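Chemist: Make the complex out of the two chains shown on their own, each in a separate frame, by following the hints.
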Amino acid sequence: MTHSSDFNAEKASNLKVIGTRPARPDGVDKVTGRARFGADMNLPGQLVGRILRSPHPHAIIKSIDTSAAEALDGVKAVVTRDDFAENPDNHAVLCNVMAREKALYEGHTVAAVAASTATIARKALKLINVDYEPLPHVTDVDAAMQPDAPVLHDTIFTSGVDPVPTIPSNIVARCEFGHGDVEAGFAKADIIVERELKTAATHQGYIEPHACVASVSTDGMSELWCCTQGHFDDRKICAALLGIDVSRLRVTASEIGGGFGGKTTVFIEPVALALSRKAGRPVKIVMSREEVFKASGPTASTSMRVKIGVTNDGRMTACDGEFRLQGGAFEGSPFDSAAMTAFACYDLENVKSVAFDVVVNRPKGAAYRAPGAPMSVYGVESVVDEVALKIGMDPIEFRLKNAVRDGSQSSYGPKFGPNGLVETLEAAKAHPQYKTPLGPNQGRGIASGFWFNYGGETCSNLNINADGTVTLAVGTPDIGGSRASMCMMAAEELGIPYDSVRATVVDTGALGFNEGSYGSRVTYASGLAIINAAQQAITEMCKRASMMWDIPADAVTWEDGYAKPSGANAGEFEPMSLAEIAAIAANTGGPIAGHREHNADSAGISFGTHIVDTEVDPETGRVDVLRYTVIQDAGKAIHPDYVEGQFQGGAVQGIGWALNEEYIYGDDGKLQNAGFLDYRVPVASDLPMIDTVIVEVPNPGHPYGVRGVGETGIVPPLAAVANSVSAAAGVRLSELPMSPPRVLKAMDDAKQAAE
Amino acid sequence: MRDHGTFLLNGERHEIRDMSPTTTLLNYLREDQKLTGTKEGCAEGDCGACTVVVSELVDGAVQHRAVNACIQFLPMLEGKSVTTVERLRGPGGTLHPCQQALVDTHGSQCGFCTPGFAMSLFAAYEDRQGKGLDRDTANDVLAGNLCRCTGYGPIITAAETMGDLPAPQWGEDRAARELRALEALCHTDTVKVASTDQQFFAPATLGEFAELFAEFPDATIVAGATDVGLWVTKRHMHLKTIIYTGRVQGFAHIAVSDNTLTIGAGATYSDAIQTLAEHFPDLGELVRRIGSTQVRNAGTIGGNIANGSPIGDCPPALIALNATLVLRTGDAQRRIPLEDFFVDYGVQDRKPGEFVEAIEVPLLENPDQFRCYKLTKRFDQDISAVCGCFHVTVDDGQVSSARIAYGGMAATPKRASAVEAALVGKAWTMETCEAALSKFSEDFSPMTDMRASSDYRMRSAQNLLIKYFVEGTEPLSTTRLVGRGSTIAGGANHA
Ligand SMILES: Cc1cc2nc3c(=O)[nH]c(=O)nc-3n(C[C@H](O)[C@H](O)[C@H](O)COP(=O)(O)OP(=O)(O)OC[C@H]3O[C@@H](n4cnc5c(N)ncnc54)[C@H](O)[C@@H]3O)c2cc1C
Ligand code: FES
Ligand code: FES
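Sequences listed follow chains D and R, in order. What the first sequence shows, in this note's numbering, is residues 944 to 1698, in sequence order. What the second sequence shows, in this note's numbering, is residues -19 to 475, in sequence order.
So here's chain R without its partners, still in its complex pose (with noise of 0.2 Å):
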């Protein structure tokens, strides 16, 4: 086991150790290196201001991801590569084609958010090659950047047209230094980062993670730390005990065998958004819209389910296409249907030192007949209001089965049973879908919160029934929301 965490500040080898390993990589930059050109606007995720560059080693090739360096834990950088806005400069001072655009396109005014927006551009940038964006891509990519002063405009102008800038002449010099310098930095070794009174592990094996977990049954698991991540900087909890899933080999593999789709409880929604998006594409296009580019690129699908929060967004999706959850405790594995993991508010059906491990979606023979509707006040970067997902199939005309399951309408996620059984059995029909709407009542009764009210939910979540029968019967229309545009989930831009 290691005692201290490795990692590559702007190319230069950092070591963390004797420190709080929440300290999170934005304060590190601005607070010790006195990087501050990282800028903090919310320390929660949500307005991008934060935004650095992650790459990592992925099949041998670098990959980089934007992220918000305000919820990101130092430690969880182990082995990887921090990019921050003072490296994009080129050694003569030249301008990145991404900064040069947004000083052509006069796409910063106060310029508080344009290291954020600068960085986000250059993640996009080195992951197509050098291409611009068009619009409905760099909505997707920006959508984690606030600005308030520019109204985007100028900002997306420089998206699409900073590919037509001449290519940095740094950039092949540099790639080939950091690939050099991440392998360098591989290793299988449990690391250790421990203070006086807390303490982190970031081990390498899955059979490591089990024991950790069996040893320290209290700690907290740590993926992608985009809920955790504000338990520190927003709710100010004291974690002792941390154990991070992300170095774990094959925790984050994604596999079809057997007409199963498995996802491993580490993968992030950006290393499965294609995946999914092949076989279920419209729960792609529901990951495509939980938060933002950044919070993708470090949420899993994993802590989103075991969070057990009654507004995540994949359970509703995944208990309608009937997954399993694939619960492990030391080498002992158990099967559960996911809709009987979320027992009650705050409560699951998980035993001390069991973890989530995977998550298996059988295949659907009709992709189309699976939809997802997520309500929110704005289309990117919003929390559900509701969320509502579908899967009734239908043979001559009649409704053999009906999974039908909200996020938002209950304490937890759930089926509405009493609306799926109203239709099965019954021919597919705008009269039987009217005459189950009743149902609801007996399924729901939400609350009012400050995202809605109870009357609201009830309301859209009984339209979400129509709209999905009106959509299943006649062709793809404008009844959409929005979407379908993007080149994020699986298009043909994506390198």
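Excised from the complex, chain D in its bound form (with noise of 0.2 Å):
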């Protein structure tokens, strides 16, 4: 059995099912209440977890005295720092989940305890005495490389640089892209821009809390419920954590209520686990709404410096960036992605891109769809956007210049293959939107973007049933509509209805590792999976078909759902569909099944370009977008509907990150707005409909050319709004989110400049 997954033109152009809209078989579970999700879920005896969290940005934690709570009537667990062993591989996480020897910003961990029930649990916290020593603590990643700035790690020494630095510092490491020499490129250049920029840190703002229930038994088998990208992931980790073989542990993934990339690493429950095992009973923890944006994984914010020289007919000679990102306590900040993608756009003769790692006094930042790029893109486009109009060239135009394209190098290494970058740009050129006139205080603006897309270990299953349907055994946590598209996947190879087939997430006993369900991967790695699972048990039919027909396995094919003899001398039978096959599987070999492990390895680049209009109200400094359209390459769009709405989620989120949301902090250290009144995600009357329209560039690594889509929709938007919004007030800001109050700034700055 080969595996191909090389792109098939004459498959693709012969689909059924693909590209067809379905209901999603979990439509009504949703709107009945019957899905579950992390904190629907309870065990007999269940106790109620509830977590200690320090109220200091940076302290010495000297003692934990947990003597009164633990005497509490009714609480059955106290759990500590001393409850976790050291874990060298795993110290970042470790050390985030429950805090060592210092909290490293307001809401790490600090102890948690297990109570009958939650009045009770609130009790016992009060009584837990930890005996602190505040430092001095830095939240400014900017500030946080100075070389006064408290350092929050005696252990960080600043990798990538020569020579390595004798003094511990809050930078992490620097990284380094790029190719030939952007001094001589500056040289060539007509016109230079260079600016510096800041993006707020935001949250992925899923509107359901972390949640799970942990099961310790006294013999150690350990079983976990949760809301999560990855429970494969999570078993590996709250393994590692809790001394646990991997074989003992089985994670089973609820309903999950978004997550977008904020739900693919561990906060609460190593911790469930460690209070399950030390009460001897199953511990449920759901954070509140204050917890998850105190501690849980925001991403990070960034400042930058980019400069970009042109020719005045519009060539770029040459781009230079500097990226700073923290990522809160704990070194990971996305600064590598953020420097790759940055001027992926573009095909350069000079370029460079430098990024750093910084640590601050914040809460351990987690991916957020297209991690590091929305920022470093905002800034790129940016200054690409002001260099257009300072030569005076629309900046579609300007793009179609210089953009990549097949076989163009890469900023950050590789050589591009075919992709759809020209092609959403010509699609926003000609879009309607682009052609209708602006009115008063109304500006537009265009935005491109890029993101990776990743593939990964992937394990799926697929069965026959005797009655001729078919289930999908798949581990990786439907977030967007992907057991829909799975069994779509699986209707179009097996030739059967859509009806036929279901998937289900199963829980970590029943499949191999697969990793998470991140990096815009899943309908591409583990739909690649069952497309290959479903050819094995293809196979599989025909041999059975062959038995009863006695011919040889080669002489039958498979077409729209039958079996066939084909040849020469097969013999004439009458075709036999996969119900009649199924039917008798007991006597021709017992069940036929298709399974596939792989490390899928060819997932496709996408790119997208989007086009805001928006009003500034010249008074309060308001902002209004009017109208947006997402362009994207989806590559093949598997079910358009989804498609559609991953653009649409990645766009607002995008606005939401320009215009308003933002974690902001006192000069305390402390997190002023955690919770939804003040972090401030758009609600339905601050959004037009997002239009949409999807590009088909085919991913030559896949049979019907499908490519992640679920993350570059939020790449370009919080440059194109920042383009937009610079058109309608006349000015360009620099900073993000661009509220009210800033861009009222910066029209009167502007003003008070001019006269």
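Simulated from the structure, these hints should not be mistaken for lab results. Here the structure is a predicted model, which is why all the values come from computation and not from measurement. Note that CB positions come from ideal geometry on N, CA and C, so glycine has one too. Be aware that one or more of the hints could be misleading.
[Claimed, not checked] Calculated lysine to aspartate or glutamate pairs in the EDC-like style (CA-CA distance at most 16 Å, straight line): (1) K214/R - D1621/D; (2) K214/R - E1233/D; (3) K14/R - D(-17)/R; (4) K959/D - D1503/D; (5) K1688/D - E163/R; (6) K1358/D - D1290/D; (7) K1613/D - E(-8)/R.
[Unchecked claim] Coverage of chain D stretches by chain R, computed from C-beta distances (three or more under 8 Å per stretch; other residues unrestricted): (8) 1188 to 1201; (9) 1225 to 1236; (10) 1594 to 1604; (11) 1614 to 1623; (12) 1687 to 1698.
Modeler: Okay, here's the thing in structure tokens:
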């Protein structure tokens, strides 16, 4: 059996199920409240777990006295750092999950209790006596890079610089990408623009708070239910932190109420397991919204410098960028992908992008849709807009002139294959929005963006049932309709109706390892595994038919759901349907199934271009988004509604990031707006209907041409909105979010400067 | 006095006794009843994931309203009927049109927000006899429901198209049963729900309310609990004695006589909005932007005033309208100008045992002279950084009187007296307004917080005067923020 993953043009042009828009299998469960999310799970005898969090942004934890809490009636377990062994391989995760020597941000977990009721648990938290020695703190990325900044970890010596420093600092690492000679490139430029810009930290803002139930039995067999984007990853890390064999921990992923990257790591899960192990009873922990903001994994805030040189006829001669990202209190900000994606849209002779990973006293960041890219692309696309304006060139024409194409050298190393950037730009140019006249105080912005997309370790099963239906076992939680897409792909391959196929996200005991649902990888990697598994099942079904007909197996082909004899001496037989073959499987060798394990490595890169029209109120600085169009290369849209859903969702998160969302820290190092009323995600009235255009330039590494679509949609909007607002306000803002006070101030300052 | 509460949950009678009266409806549903279809996304009234529909008898008919279950105390539901998402489906399992529309339009991605959206749409559907919503109305109806996955487009489409789907077959039968069941729950006894160290009273008459408050002057009065609910869910305050206004007959009274609009302290925003919009269009518009539909369905104007917050939206508007506050202790009434009620941050002119009974607002000859501006980052569901309210009357081109009040500019809602003085007697011109701008610093020195900087508050407060001038002298134009498109505030569609 060959597992062909190459693009098959003939197949891709004859698809029957792919590209249609069937109702999603979980649609009814979602509208009736039947779908079970993280906090909907309950076990008999379950205790309530609650977490004690540091009130200080930075403090030495001198001692923790839990005796009074333990003595309280109804308290069944208290855990602290003493309940977790040192774990050098997972040091950062461990320290984030449970503070060790120091509390490193406001909200850092210091201890946890399990009690019979929430009220008792809360009381117990108050009885835990923690002796803190507060230390100076730093929450701003630029301040943290200063030589006199309070240092979080005395173990961090900047890597990636030569020579390696001898004194510790908050700069974890430096990376550099690029080629050519930027100085020589700038020398050839007619115009050079250089800007400093900043973006605020934002949160993924999933509506479902983190929740889990853990149950550890006395013999060490452990079970965990949680809302997660990757339950196999959770198993791996929880087992490591608690010292349990992987085989003894079974993790089940609940329905997940949004993640966007933020549920790819653990926070409360190891704590719940530790509590349950100590209490000998199941323990449930559900984060409050305030905890989600203060102690899950928001995204990095950034500061950056971007410099671009162009000739008067619009050719970019050199690009140079420096990107500084804080990833919270531990290493691991997406600094490298920020640097790699920054200039990825452009075919450049001379490019250099440098990035720094910086630690500050904030919660440890987690992934958020295309981590790192929206920020660096905001900086680059803002400056691109400015240079295009300066030389009087249409921003789309400018981008077309410099865009990467098939075979271009990417700014971060490899050569690009076939890709759809030019197609998205052409589609933008042709889109009616681009031609609509604007009124006073209105402006239009354009930006393009890039994301790699990922494949990774994947494992899926496909089972042919005796009644002719098919069940799929997948290991990647469904975060955007992937179960439906899996069913569509299986139906397509098998030649049966979509309705005959059902997919389940199974627990970690039922499949081999699967990386989580991130990196826009699910439809691509799990889907490819399903396609391959279907092909394997087809081979088996052809074999079964050949046995019935007593002809060689290779004299049977599979067509539209039927095994058919084919070839010169195959003989004349009535084709056998999948259902007929399934019905007699017991007599022909037993159950029929297909499975596929792979490390998918040909995920297609993707590009998008966004157009946005805004209006600015000159008296209050308020920005209204009037019209918005997302144009993105999907390779091949399996279920166009879901693809559009991903485009729209990403764009709207980007609009929020551009205009209103931000983590606001006080001088005391504490988060000021840990709630949805003050951390403002867009509501319906903030938005126009988001228009979408799906461009399909096939991914050569997938039989249908599929590319990941989940992340690219959040890359261009920060810049697109910024470009639009600067056109509308007549002044360029260099800091996100562009909240009314900032817009008003920028307009005032510009007015004063003009006077 | 009854020692327990009674309400209907999905058509079944539930008695509330021997439990903490500050148990939220959401916890009761999810923890006690294991009805986990209703979700918790914030427990602060911000996200709408917990939306349920509360139905009650109003003038003999059943009224349906979407509310946030996370900040409703269970005994507040006395005599009402609660519908959760589990009950939307018909006997044969048929989806309600609002559910079917969400399925058809792919209105849910992760689906966590979906039950809340379904309930908001359900309430709107019932209210409008099965009609779909236009875009502006949908924005209003859904402003209290956050969705992070979809970008709202498909959900708006569901709101628009749900009316095109076949009406549910079970509708009438169920409605009649609900009406009868609600009638059966009617009574005028005071209800008391108590646990070992907490007690909750829900009196049915003003007399009993006044008596109870005289007996327990330290009690916390609860109206809609859109403020008080958060004291419990967020600040974990332990409220010992609670007296609830929601059942008090006549407390939600809204009437116009002698050129005065009287609003009972217990009137919710949703009760009042139509009348407010009729007499003061801009106040209607301002109220439309308070919180969300769910918050307005529970929250009261009386609570907004009594809460005393410097950023409450009604006080500056009502001060600019020269409203009088009616306070009451036992049988004794006291009337004061509303502006005098706000003494200092956290301090109001309210004596022990005294409560807010009503607000009296003189009607205007020319209601369009009255304007309110609420400055926020988000149009809906956002707390004001600055709220400016203006009523300037002009005779023969001269300013004859000016009442200008701001929220968010000082420790209390406050009049801009120096600015007013700089306008009165002058010609109503741009020059006069511009000259008055320097007076703002005499009236206000606003603070910087995470909502806005001191500078922004000052600048935008000044700009609002200019905006008010421009809008008053030019026809209603695009300088308006947004709005006036909705059918919520007394519009044509409203059933
Ligand atoms: C999500 C959300 C959004 C919000 N948005 C806004 C907004 O945009 N603008 C705004 O102004 N507010 C807003 N609020 C705050 C709140 O909704 C209002 O202040 C509301 O008017 C309070 O009314 P209530 O009936 O819910 O008061 P409650 O919470 O029941 O009570 C509030 C206070 O008033 C007291 N009280 C109530 N009635 C009386 C009485 N008759 N006599 C004496 N004391 C009394 C209570 O003891 C308490 O101190 C919002 C709240 C939430 C949760
Ligand atoms: S849970 Fe968010 S509004 Fe109730
Ligand atoms: S569908 Fe995920 S929050 Fe709305």
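Chemist: Are the hints correct? Go through all of them and say.
Modeler: Each hint, compared with the structure:
no.	hint	in the structure
1	K214/R - D1621/D	14 Å, holds
2	K214/R - E1233/D	9 Å, holds
3	K14/R - D(-17)/R	25 Å, violated
4	K959/D - D1503/D	10 Å, holds
5	K1688/D - E163/R	58 Å, violated
6	K1358/D - D1290/D	10 Å, holds
7	K1613/D - E(-8)/R	46 Å, violated
8	1188 to 1201	holds (count 4)
9	1225 to 1236	holds (count 4)
10	1594 to 1604	holds (count 5)
11	1614 to 1623	holds (count 7)
12	1687 to 1698	holds (count 3)
Of the hints listed earlier, those the structure fails to meet are numbers 3, 5 and 7, in rising order.
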